[in-house]
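Participant: Chain by chain, the residues:
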Amino acid sequence: MVPHPYRVRRRRRETHDTFTLELQPASREGTAQEKPIMRGESAEWDIPATASQPLSTIPAFLPGQFNMLYVFGVGEVPISISGDPADPTTVVHTIRAVGTVTTALRQLRPGDMVGVRGPFGSHWPLSDAEGNDVVLIAGGIGLAPLRPAVYRILAERVKYGRVVLLYGTRTPADILYRRELARWRGHFDFDVLITVDHALGNWRGNVGVVTTLIARAPFDPLNTVAMICGPEVMMRFAARELVRRGVPAERIFISMERNMKCAIGFCGHCQFGPTFVCKDGPVFPYRSVKDLLTIREL
Amino acid sequence: METLKPLLAEHPFFEGLEPRHLDLIVGCATNVRFDAGTFIFREGEEANAFYIIRHGQVALEIFVPQRGPITIETIGQGEVLGWSWLFPPYHWHFDARAVTLTRAIALDGKCLRTKCEEDHDLGYQLVKRFAHIIMQRLQATRLQLLDVYGVHS
Numbered sequence: 001m002v003p004h005p006y007r008v009r010r011r012r013r014e015t016h017d018t019f020t021l022e023l024q025p026a027s028r029e030g031t032a033q034e035k036p037i038m039r040g041e042s043a044e045w046d047i048p049a050t051a052s053q054p055l056s057t058i059p060a061f062l063p064g065q066f067n068m069l070y071v072f073g074v075g076e077v078p079i080s081i082s083g084d085p086a087d088p089t090t091v092v093h094t095i096r097a098v099g100t101v102t103t104a105l106r107q108l109r110p111g112d113m114v115g116v117r118g119p120f121g122s123h124w125p126l127s128d129a130e131g132n133d134v135v136l137i138a139g140g141i142g143l144a145p146l147r148p149a150v151y152r153i154l155a156e157r158v159k160y161g162r163v164v165l166l167y168g169t170r171t172p173a174d175i176l177y178r179r180e181l182a183r184w185r186g187h188f189d190f191d192v193l194i195t196v197d198h199a200l201g202n203w204r205g206n207v208g209v210v211t212t213l214i215a216r217a218p219f220d221p222l223n224t225v226a227m228i229c230g231p232e233v234m235m236r237f238a239a240r241e242l243v244r245r246g247v248p249a250e251r252i253f254i255s256m257e258r259n260m261k262c263a264i265g266f267c268g269h270c271q272f273g274p275t276f277v278c279k280d281g282p283v284f285p286y287r288s289v290k291d292l293l294t295i296r297e298l
Numbered sequence: 001m002e003t004l005k006p007l008l009a010e011h012p013f014f015e016g017l018e019p020r021h022l023d024l025i026v027g028c029a030t031n032v033r034f035d036a037g038t039f040i041f042r043e044g045e046e047a048n049a050f051y052i053i054r055h056g057q058v059a060l061e062i063f064v065p066q067r068g069p070i071t072i073e074t075i076g077q078g079e080v081l082g083w084s085w086l087f088p089p090y091h092w093h094f095d096a097r098a099v100t101l102t103r104a105i106a107l108d109g110k111c112l113r114t115k116c117e118e119d120h121d122l123g124y125q126l127v128k129r130f131a132h133i134i135m136q137r138l139q140a141t142r143l144q145l146l147d148v149y150g151v152h153s
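Heads up: the sequence lines are chains C and Z, in that order. Counted from 1, the first sequence has number 292 at position 292 by the numbering used here; the numbering is strictly sequential. Counted from 1, the second sequence has number 55 at position 55 by the numbering used here; the numbering is strictly sequential.
What the hints contain is simulated information worked out from the structure, not anything from laboratory work. If you're wondering where the values come from, they're calculated on a predicted model, not measured in any experiment. Keep in mind that a hint or two might mislead.
[Claimed, not checked] Residues of chain C placed beyond 12 Å of chain Z at every Cβ, according to the derived structure:
id, residue
1, GLN24
2, ARG185
3, ASN202
4, ASN206
5, ALA238
[As the list claims (entries may be wrong)] Some chain C residues near chain Z, calculated using beta-carbon distances under 10 Å:
id, residue
6, ARG12
7, HIS198
8, TRP203
The C-beta atom is built at its ideal place from N, Cα and C for all residues, glycine as well.
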């Protein structure tokens, strides 16, 4: 459970409070040759990928899993992995700066060290979804834990039926991964529907909560596997709407968030009813947690 | 008019209606088209129709001085636009603007109101269907009000 030393390779601004860090294993030679390059208006910083021998690395991850990121001297936080599972050399996290540690993570620059433990937890059921339509529903920063699933599905597109991504954010300025969304939308066999909760008159896209997109999405409810990630209340309503449309509850999966500390089901901070979110989750079948979601004390 | 009957009969909004009721409704239906950017109705105008959107997208807007038009909701293909025709004083409460070229079936509200007064079974069927849409939109609006993607989430 000792963190692996990683260095920030690149930092990219996504929205006013969200950023993406690309990490690579720290090498024996240190970072003398690693000179940061600034791109654009301080929106992106990066250093060249190092070819030298890494000190240690974390194992490969599965889409939906998370890492514990340790800012030395500040603290450790659980962050979903949002990179490409086919690229084992780079660890990618999209982070919203809301607390002490995530704010410290935002202040990191290329070459700075960060500790990484992981990957932890359960993953999206991409193998089980093969042969089915796939509906991915993301709210806000919930798109980040689903992005590895999108990468995997696009890499193995032939294995799935219709695939649709429904994405809701607060305003048009809060849309994550704009360039990638545009690219995904360009695929003829990948539907992307986006909506925002609030917009001024110059926005020509959808306005309304993400659940309203479910009725507009093309999929066969009985042969669909749905994966949802976002604020808990949004997931609850999205899952209900999917069930109303005819998707069996056992084919709906949600990614839960709780106060994860140890990440191995030992400390009990993330206990959620009879489960620990860090060990048994974060990805749960909706059917197994449906009743727990309405218990206010949990 | 008869040509619109199959379209209306297939639409989920009219699912389960008796054929005689559908015939009454078809008698109040016309095809309409709105170019992108044009207003379908504006706040304060008389509300004398509702629309089944066949193609395109419509923004429900409210104009706020010094801020301009704010979109509250968008309504797309297959969805129903407008319920103020059903409730006195029959005036629109928001603006509806075609975001893209929009084709729809317009149902004459005055015509339908008259038929609903004459045939309360038809009236009940329509009110029941509109109540369902109003409930769905109210739930969605409540979720919007929660601001679930805010910092507290």
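Participant: Now tell me, hint by hint, if it's right for this structure.
Facilitator: To see whether the hints hold, each was checked on the structure:
For GLN24 (chain C), the condition that its CB be more than 12 Å from all CB atoms of chain Z holds, with the nearest at approximately 30 Å. No Cβ of chain Z approaches the Cβ of ARG185 (chain C) within 12 Å, the least distance being about 16 Å, so the stated non-interface status holds. For ASN202 (chain C), the shortest C-beta to C-beta distance to chain Z comes to about 8 Å, within the 12 Å cut-off, and the non-interface label is violated. The Cβ of ASN206 (chain C) sits about 5 Å from the closest Cβ of chain Z, inside the 12 Å cut-off, so the non-interface label is violated.
Not every Cβ of chain Z is farther than 12 Å from the Cβ of ALA238 (chain C); the closest lies at roughly 10 Å, contradicting the non-interface assignment. With its C-beta approaching chain Z no nearer than about 20 Å, ARG12 (chain C) sits outside the 10 Å limit, and its interface hint is violated. The criterion of a C-beta within 10 Å of any C-beta in chain Z is met by HIS198 (chain C), whose closest approach is roughly 8 Å, and the hint holds. Annotation: TRP203 (chain C) was flagged as interfacial toward chain Z, and the flag holds, the nearest CB pair being 6 Å apart, inside 10 Å.
The structure does not agree with the numbered hints 3, 4, 5 and 6 stated previously, though it agrees with the rest.
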